[in-house]
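Residue-level listing of the chains:
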Amino acid sequence: MPPKFDDEGTDRKLCIIVSKGTMEWATASMVLGNAATSEGIELHVFFTFWGFDAIIDKRMDKLKVSPVANPSMKIPGTEVGMANMLAALPGMTAFASSMMNKEMDKLQVPPHREFMQMVHDSGAKFWACRLTFDMMENTMGLTKDDLWEGVEDIISANDFMELSEGAQIIFI
Amino acid sequence: MPPKFDDEGTDRKLCIIVSKGTMEWATASMVLGNAATSEGIELHVFFTFWGFDAIIDKRMDKLKVSPVANPSMKIPGTEVGMANMLAALPGMTAFASSMMNKEMDKLQVPPHREFMQMVHDSGAKFWACRLTFDMMENTMGLTKDDLWEGVEDIISANDFMELSEGAQIIFI
Amino acid sequence: MPPKFDDEGTDRKLCIIVSKGTMEWATASMVLGNAATSEGIELHVFFTFWGFDAIIDKRMDKLKVSPVANPSMKIPGTEVGMANMLAALPGMTAFASSMMNKEMDKLQVPPHREFMQMVHDSGAKFWACRLTFDMMENTMGLTKDDLWEGVEDIISANDFMELSEGAQIIFI
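Protein chains in written order, with the numbering used here: chain A, 1 to 172; chain B, 173 to 344; chain C, 345 to 516.
In case anyone wonders, no lab produced these hints; they're calculated from the structure. Just so we're clear, the structure is a prediction, and the values are computed from it rather than from any experiment. In this text, a Cβ means the ideal position worked out from N, Cα and C, and glycines have one as well. Any given hint could turn out to be false.
Below, a list of computed lysine to aspartate or glutamate pairs in the DMTMM-like style, where the Cα atoms sit at most 20 Å apart [to be verified]: (1) C/LYS446 <-> A/ASP134; (2) C/LYS357 <-> A/ASP134; (3) C/LYS357 <-> B/ASP183; (4) C/LYS450 <-> A/ASP134.
For the chain B half of the interface with chain A, some residues (derived, Cβ under 10 Å), not all of them [said to hold, decoys possible]: (5) CYS187; (6) PHE287; (7) ASP293; (8) LEU303; (9) ASN310.
Generate coordinates for the entire structure from the input sequences, incorporating the hints supplied.
This is the structure in structure tokens:
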């Protein structure tokens, strides 16, 4: 599908920087991104730091939400916050993540990879941060082939600055 | 009090997305929001994800700050970071929250609900995210009546995109 | 070195709000800030809340990354996330921080203080939040002399609103 925004004559542009790789922030990025492209807004999504989890092929289907250090996360069915000691128990992260996945499914929010594809198909461009890539190449042997195929290119922070000229910027 | 920004002929607009519900981020939102409206800037605050704690009536008076996973939080009176194990002890979250409340009170920062009312009265509009609302309706039976009365409406991410045209956007 | 942006006739302006004081977010701020000034963009960096760690002289050389509550942080050499219980063990924060420091050094990313100086020398202005300063003055006796010498001034949120007129804003 050709980019919607090219056809609509709008010059509004949005850049989303995804710096965290947990399920809630990956989802938030795509919810906002999807809204943007469907409104005919030119969209660029720049993945950096922990946000790489959302574009590393073997990680992106296993994003987790973390209940630790999040007083907003309550014990299901109650108003009692998961105490930090409880939330840190082995298994709680997996439990909370699977719960959130189920709830999002009920509301027709697609799983992360599918959601990315959908926003990509509506004309958004996805970019990977050069510095993060280089660091992960050194520490874990990451290669370009390990990235999701929808990633346009690996670009520097300077490239991002040029890309984001005149754009609204959302740092997630 | 009528919206200040209508009278001043400025067309500057700010949208704050509140995605976290802990005390420090709810406060940060209102500090920036209050500064914006007092400068005659049109302000929209959009609450989403964990940010709902800040607009759920029975939660908004009990916001907590979390010392876990925050190396910036020191043991009072020292330069020693609260070790994660210590910070995770039952009671530490409550202790840190009450301490921060007291300090903010000394500096005339109003409690969260009052602060929200103040910013609301100066002309800001508060919006709740449809997707988050629907998820909380499913999981905990949230109804519109459970939201703080200052919330204008429940709107979609698309609505937010339309609302934020031409605005500066701050994602907290 | 005189501000680059004055010479280039661009009127693009970027404001970065640094609200967190851990190593990854301090670094992210300077990576983006450095890219901005090197592109001739006027840059203002506003430090607030936990972000003060990045400008308090005796803290800024000891910034830490926190592995707790961050499912993106894997056990080195594996795809296994550091379980929260493991990450919370005494020593893990220091270990992860020293590891990240070493990796950044390999990629020629300067240590935090040096990086700040570099961005400062390229024309950026650094500002400290009045409310945060007042709170830390009350709780830990912070004085203006405790702040890094590159900080221009202590300013209010209202001052920041005036400063950021017409700017892109990134809240980190």
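Hints, one by one, checked against the model:
1. C/LYS446 <-> A/ASP134: holds (13 Å)
2. C/LYS357 <-> A/ASP134: violated (28 Å)
3. C/LYS357 <-> B/ASP183: holds (18 Å)
4. C/LYS450 <-> A/ASP134: holds (10 Å)
5. CYS187: holds (9 Å)
6. PHE287: violated (18 Å)
7. ASP293: Nearest chain A Cβ about 26 Å off; hint violated.
8. LEU303: holds (6 Å)
9. ASN310: holds (6 Å)
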